[in-house]
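These protein sequence lines are chains A and B, in that order. First residue of the first sequence: 1, per the numbering used here; consecutive thereafter. First residue of the second sequence: 329, per the numbering used here; consecutive thereafter.
No lab work stands behind these hints, which were simulated from the structure alone. Computed from a predicted structure; not experimentally measured. Any given hint could be a false lead.
Result set (BS3-like, lysine-lysine): computed pairs, CA atoms no more than 30 Å apart in a straight line [claimed, not checked]: (1) A:K320 with B:K431; (2) A:K321 with B:K408; (3) B:K471 with A:K321; (4) B:K431 with A:K88; (5) B:K484 with B:K431; (6) B:K498 with B:K484; (7) B:K498 with B:K471.
Quick look at which bits of chain A chain B covers, simulated, 3 or more residues with Cβ under 8 Å [unchecked claim]: (8) 4-14; (9) 170-183.
All residues carry an ideal CB built from backbone N, CA and C; glycine is no exception.
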Amino acid sequence: MDYGQLFTNVLNEMLGPTAIAYALAAIGLNIHFGLTGLINMGQAGFMLLGAYGFAVATIQGAPLWLAFLVAIAAAVIFALLLGLPTLKLRGDYLAIVTIAAAEIVRMVGRSTALTDVTGGSEGLTGNAFKGTFQDASPFPDDRWALGPITLSTNTSNSWWLRVVGWTLVLLACLLVWRLVRSPWGRVLKGIREDEDAVRALGKNVYGYKLQALVLGGVFGALGGIVFVLASSVQADSLGRPVTFNTWTILLLGGAATVFGPVLGSLLFWGALVFVRGFLRGIVPPDVLSVQQIEQIGWILVGLTLMMLIIFRPQGILGDKKELAINAH
Amino acid sequence: MPTEDVVEQARGRLAQIPRVPGAPKPDALLVADGVRRSFGGVNAVDVEHVEVQRHVITALIGPNGAGKTTFFNLMTGFDKPDTGSWVFDGTPLAGVAASRVAKSGMVRTFQLTKALARMTVLDNMRLGARDQPGEGLFTALVKPLWAPREREITDKALSLLERFRLDTKKDDFAGSLSGGQRKLLEMARALMSDPTLVMLDEPMAGVNPALTQSLLGHITDLRDSGTTVLFVEHDMHMVRHISDWVVVMAQGKVVAEGPPSEVMADQAVIDAYLGAHHDTDLGDDDLLDEGGIIDAEAEAEAEAELAPATQAEEKAP
């Protein structure tokens, strides 16, 4: 088998838009869960709303900056809708409401009644909304090779998207780093530990939880934009599995850390591509078909998550004393 | 007037107050009226009128289920009464959210300590401070806006930790502290905001005798530095030792109030509480100094054995 090609594929996936999108979504989820203790089971809903917001606004003729703003506004409104009624209740209610709401967004997005706007279950093809983003690129239209990876500079799954995506990830990490070490972040951690104690110290717990939900949701929406700029908007590609993968990534890297979500995303996608490529290379096709190998990849993801919870509940970068998933 | 004199005067003026439930106080900090809270037909709290004198230590005692903690929860906004109003330092607080109550200067601690386990002791303390602009989402992003206040807060936290002998633990996670140390931390944290009234829910529960002495000292120090203290406690020795005034609750109502020595000799109190309560520490000076109470307690036993039975009947839905 061609190990050079396998290595290139793994590297390409780790640097690619999927890893970027999931890193952004996991950074958002980290603000929810790692810092504030909110259980958001609908991060995919925030991503999908960001994707729809960006794509639909662009198709309606909005310039690039406005399309970004529409995506962010959609996530903010979604977070307020979910948070206002549930954040005064016990934590489980948010989990139930978010998983249901994310499904509602997906179902509404793919419903035939909205075919004119969202494209229904067919979705929106990439070329319909990528124009403004690609035009904003400073690169000439070309194909560039960097090491073993050759990609187009601007179209779809491009160098330009990677540059913008990783810049967003970097800025997000910087923001989280600043916030975690600020008095604001301290209040959030207090809420994660015991919200009644924080309330007794005169902090408006409800307001803080709402802020955290909105901020984390906005990162989800940005992740959604990066995700669809590489392909197309298709409601079912941002369904429940996306939320669960995002959780896996967060726990793998380490919740309540700054770089955990990014490291988690790199390892998750790198490992998935490696396992599939490796099995395809060594297992003859009459033993396991390509589809079966695909499934085995996901089975291994599940096993990894179980191992993680059992042997390293704090994740790779996490501090076991601060936040371990089994310590709740 | 220096603080000591103010406190002395406030304590002195307690002498003239009539020993009846709901007695008016010359300088009341907290005044509650008609506060009632029922859980499924049982009146957990049914307080007609009660006043808490400023600058003194008031103890709230009563048998289990008397409604002391529920009363605390109601006053601090952690629970909502069916009816009732109360005024704290001139501000009506009925229906006000718990966080706003704390901001207005009434800060509480909990019976089961709520140390924020996976935060450091110092961060626990800093969280108690008020007016930190960095607690806003946008100001938090610009460190120069909140760094000076953070330094003030840290200095204050360190000096309080030193007073409570926790300074060597400042960088440890609060979860690694012992039960007694957590009680101390929670009390110190409540003091970060310079509250007018500190409400302590069973500050001595689970604290070892060596720490008890220093906790008692901290509570009297609080009063002497001008803070009003209201606390719930079952340890009668402690109540006798440090409180200036005692309010007795039973079945949700205030049944007696007065200075500790008089209240504990009150027949109604013995019937409602002391007589039916056998965990008074007989090893302390009660036996030597105040044998009368112990004797009275023994006499009241026969009645007390009847009392719980009638209480149980009344409580049954």
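Now for the hints, and whether the structure bears them out:
1. For the hint linking K320 of chain A to K431 of chain B, the alpha-carbon distance of about 34 Å lies beyond 30 Å, and the restraint is violated.
2. Using a Cα cut-off of 30 Å, the hinted pair K321 of chain A and K408 of chain B is violated, with the two alpha carbons roughly 36 Å apart.
3. Taking the CA atoms of K471 of chain B and K321 of chain A, the gap is about 27 Å. The hint holds against a cut of 30 Å.
4. Distance check on the hinted pair: K431 of chain B and K88 of chain A sit about 19 Å apart at the alpha-carbon level, within 30 Å; holds.
5. Proximity of K484 of chain B to K431 of chain B is assessed by CA-CA distance (about 18 Å); at most 30 Å being required, the pair is judged to hold.
6. Our distance criterion of 30 Å between C-alpha atoms is met by K498 of chain B and K484 of chain B, whose separation comes to about 13 Å.
7. Distance check on the hinted pair: K498 of chain B and K471 of chain B sit about 23 Å apart at the alpha-carbon level, within 30 Å; holds.
8. Evaluation of the coverage hint for the region 4-14 of chain A: breached, as 0 residues show C-beta separations to chain B shorter than 8 Å, against a requirement of three.
9. For the region 170-183 of chain A, the stated coverage by chain B holds: 5 residues have a C-beta nearer than 8 Å to a C-beta of that chain, and at least 3 were required.
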